[in-house]
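Undergrad: Heads up: the sequence lines are chains A and B, in that order. Just so you know, we're using this note's numbering here: the first sequence kicks off at -7 and counts up by one. Just so you know, we're using this note's numbering here: the second sequence kicks off at 3 and counts up by one.
Rather than coming from a laboratory, the hints here were simulated on the basis of the structure. Treat the hints with care, since some could be wrong.
As the list claims (entries may be wrong) - Okay, the calculated bits of chain A under chain B, using three or more residues with CB under 8 Å as the criterion:
1. -2 to 9
2. 32 to 40
3. 50 to 59
By construction, the Cβ of each residue, glycine as well, lies at the ideal position given by its N, Cα and C atoms.
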Amino acid sequence: MIEPLLVDARGLAPPEPMELTLSALDDLVEGQELLLLLYREPFPLYGILQRNGYSHRAQTTPDGTVHIYIRRAS
Amino acid sequence: MQSMFEFEQAPPISVPYRFFLGGPLFAVAAGLLLAFGGVDVLASRWNPQLLAVVHLLTLGFMLQIMAGALLQVLPVAAGANVPRPLWLAAVTQVGLAGGAILLAIGFAAGSAWAFRLAIPLISVSVAIHVLFCGYALVRTQAQGATVLALRIAVPALVPTVVFGSLLASAFGWGQTLPMMELVSAHVAWGFLGWGLLLVMGVAYLVVPMFQLTPPYRPRLALLLPLLTLLFLAVWTGLDLFARGGGLRLALALMQVGVVATFAVATLVLQRQRRRKQADVSLRFWRTGMIVLLAVVFLAVAALFNTDPMIQDRLEVLMGVLLIIGVFMSLINGMLYKIVPFLNWLHLQRLISPVPNMKHMLGDKAMAGQFRVHMAALVCVALAVFLPSLTVPAGLLLAASGLWLEWNLASAVLLYRRLALGQNTPSAKAPVQPAGR
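Excised from the complex, chain A in its bound form (with noise of 0.2 Å):
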C-alpha cells in the first residue's frame, strides 16, 4: 500500500487548491492516490477529474473537513 500523496489545501485561497491538485496529480504513481484537504467539495475539480480519467471519493469529518481521494480511474 503507498502513502496518499497529501495536498492540504485548508487556508488556501482560490485558485490555488485547484492549481496544486492539477500540479500534484503529474507526481501521482501507477497505485497512488492523491489525498485532497479542503473546507468544502470542489465540484469544478470533480467535473475535470472525470473527463480527464480520474476517479475520487469524498469523507466529511464532524470539523467540517472534507477528504477528497483521487487515483486513476482503473
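Since chain A is already given, all that's left is putting chain B on it; use the hints.
TA: Just chain B now, with coordinates in the frame of chain A:
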C-alpha cells in the same frame, strides 16, 4: 495537468456581469428618491415613497444581483449547471429590472397601471428563474448545508412573489384583501426565506473559501436553514388563519435565535481567519453580521413593545439596517471578491500571463466606496429619527451605489481591454499566481 485548468461549468462572463452592473443603478435611483421624495419619506413604513425606495433596493438591487450571482454560484457550490444561461439571464434581468421600475412608479406616483403591468412581468421572470435553478438543484447529487440552504431559498421566491402579487393586485384593481397579514408573509418569505437563506448558503461556501476561516460546524449549518423553513411554514399558517398569541411569540423568538446564531458563528469564524489583514470585502461582511445582530436586538424589542409610535420607528429602523446595513453590505463584499476572481478565471482562456487578481479592482477605490456606504448607513438610520437628515442620507446612498457601479464597470472594462489584447500599464507587471 495545469492545462486542464478551466471551469467548463462556469456560465459565460456576461451572465453574472449584466446583473452586477444593473443592480447598483437601482441603489442610485433609490438614494435619489429618498433625497428628493420629501423630508417625510421615512415618516412611516407605509409611506408610498418609502415603499418605492424599498422595492428599488430589494427587487432592483438585491434580487437582481443575487439572481445573477446564483447562476455563477450553482456550478461551484453544487456542481449544478443551469440550462441556457444566456437566455435565462436576459429574461430574468428584464423582468426584475422592469418590475422594480414599475413597482417604484406604482408606489411613488400612485399608478394602478404600473402595478397591473408589474405583476405578470415579475411573476413570469421569477417563475422562470426558479424553474431553471430549481431544475439544477434537484438534479445535482451534491449534499451538504449550502445545497440544503439553496434548495429552500430558491423556491422561497415563489411565496414571496405570490404574496407580493396579491398585495400589488390590491393597488392595481382595488381589491379588498387582508393587507397586514399578506405584508407579514411577503416580508418573512422575502427577507428570511430567500434573502437570509441565500446569504447563509453562500456564506457556508465563501466565508471559509475567500476569508480563509475554519468551516461552519456541519450540524449547525444544516440546522439553521431547517429551523428557518419551519418558522416560515408555521408563521405563514398563523398569518393566513389569523391565529397567534403565545405560539407566534415563541416562533419569533426561535427565529431571532437562529439569525443571531448565524451572525455570531460567522463573526467567530472571521476572528479565527488565517490572514489577519482585513480587506474591504471582509469589512463589508463583518459590518453585515454586526448590523444583523443589531437587527436581532431591535426585533426582540419590537416583540415586547406595545407603543404604536415606537413600533413604527423600530420597524422603519430595522428595515433600513437590514436592507442597507446587512444585505447591501454583504452583496458589496461578495462582489468585491467575485468580480476580480471571474475576471482572472475567464482571462485564463484568453491570454497568458494573466495579471494578478488583486489588480482587477483597486483597493483604494473599494475602501473609498466602503466608507461612503458606511456613512450612508449611519445617515439613513439617523434620518429615521431626524427627518432633516433625509436629503444627505439619500445623496450618500446614491453616491455609494454610483461608486460601486464605477468600481465594477472599471473591472469589467479592464477585462475587455485585456481580453482584446490591449494591455494596460497597471495590469502588466504582476502576474500569477493569482490567489495571493
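Undergrad: It remains to establish, for every hint, whether it holds in the given structure.
TA: Results of checking the hints against the structure:
1. -2 to 9: holds (count 6)
2. 32 to 40: holds (count 7)
3. 50 to 59: holds (count 5)
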